[in-house]
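Undergrad: Below, each chain spelled out in residue letters.
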Amino acid sequence: MADVIEVNCATGEVVTRPMTADELAAQEASAAQAQAEADAKAQATAQAQAALASTNAKLMSLGLTQDDINNLLNAAKA
Amino acid sequence: MANPTMTLISSQTLGGTTASVTFSSIPSTYNDLKLVVSARGSAANQVLGFQIAFNGDATTNYSYTRLLGNSSTAASTRVSTTALDFGAQMDAANATASTFGSCEIYIPNYTSTGSKPFIDIDVSEQNDVTASNSAIASVAHLYRGSSGISSITLTTPSGNFVQYSDFYLYGIKNS
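Line order of the protein sequences matches chains H and V.
Note that my numbering has the first sequence beginning at 126, numbered continuously upward.
Note that my numbering has the second sequence beginning at 2, numbered continuously upward.
Just so you know, not all the hints are guaranteed correct.
If the Cβ cut is set under 7 Å, some of the chain V residues that face chain H in the computed set are [to be verified]:
#1 8
#2 11
#3 19
#4 20
#5 22
#6 24
#7 25
#8 87
#9 159
To spell it out: a stretch of chain V is covered by chain H in this simulated footprint if at least three of its residues, at any positions, have a beta carbon under 8 Å from a beta carbon of chain H; those stretches are [as the list claims (entries may be wrong)]:
#10 26-37
#11 48-61
#12 78-86
Bear in mind the hints are in silico, worked out from the structure with no lab data behind them.
C-beta: ideal position from N, C-alpha, C; glycine also.
Start from the sequences, fold in the hints, and give me the full structure.
TA: As structure tokens, then:
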């Protein structure tokens, strides 16, 4: 089992001890939550990109060129 | 006349793999804290975020916004109201052997009982030919805990900090 180090800044005491079962469980839960957050972020990004691509396609179907669309986007950002 | 000082409060160089490092009983006699880290993770990643937690607080009191550049791509990440502040990063097992990520974390007004914004700058330089494997990140963090900071825990989300990872905690006084 991995070690944890605790440094007491007031006394200078350093304790090195094995990670407890609870700490190990918390670390595993943290890893799972971090992965879930990363997955949710990636999914949101993918959805936003898909929505943008869909909008882009609709505008092109109306006769706008990609340059026209880029000009609109740049004007909106300015 | 003001006489600012920066004092090493404590440091740790790991003698072996370690899952977490805690600085506890941090004196409240300074104005700001600065944590300097040279670390590498054992997990199979190029770069790996490590968790910063204050006062053992595992509630959703943390947020961070990271701006990352790796010479080919710039990316921004925002994580708000989380219990897991993984904003800071280090080299990990897939990086060039024996390279360590460098990270500086600056925590102003750490004894405040209000929200505490802080910053970290971290660099991963991996000494290989793939440009995108080297990266620099600038991260804006926020900790909303209502107590002053008296302990800091750094934890890897998977694997461990490897041997020879260094952690230096400084206190800064403005007079």
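Undergrad: Compare the structure with each hint and give your call.
TA: Here's how the hints hold up against the structure:
For residue 8 of chain V, the shortest C-beta to C-beta distance to chain H is roughly 11 Å, which exceeds 7 Å, and the interface hint is violated. The beta carbon of residue 11 of chain V comes within 5 Å of a beta carbon in chain H, closer than 7 Å, and the hint placing it at the interface holds. A distance limit of 7 Å between C-beta atoms decides the matter here; for residue 19 of chain V the minimum to chain H is near 5 Å, and the interface restraint holds. At its closest, the beta carbon of residue 20 of chain V sits 4 Å from a beta carbon of chain H; the interface hint therefore holds under the 7 Å criterion.
Annotation: residue 22 of chain V was flagged as interfacial toward chain H, and the flag holds, the nearest CB pair being 5 Å apart, inside 7 Å. For residue 24 of chain V, the interface hint holds, the least distance from its beta-carbon to any beta-carbon of chain H being 5 Å, beneath 7 Å. Because the smallest distance between the Cβ of residue 25 of chain V and any Cβ of chain H comes to about 5 Å, under 7 Å, the interface hint for this residue holds. Interface restraint check: residue 87 of chain V against chain H, minimum CB-CB distance 6 Å, threshold 7 Å, status holds.
A least Cβ separation of about 5 Å between residue 159 of chain V and chain H falls short of the 7 Å threshold, and the interface hint therefore holds. Requiring three or more residues with a Cβ within less than 8 Å of a Cβ of chain H, the coverage given for the stretch 26-37 of chain V holds, as 3 such residues are present. Coverage of the stretch 48-61 of chain V by chain H holds. Counting CB-CB distances below 8 Å, 3 residues qualify, and the rule asks for three or more. Using a Cβ-Cβ cut-off of 8 Å, 5 residues of the stretch 78-86 of chain V lie near chain H, which meets the minimum of three, so the contact claim holds.
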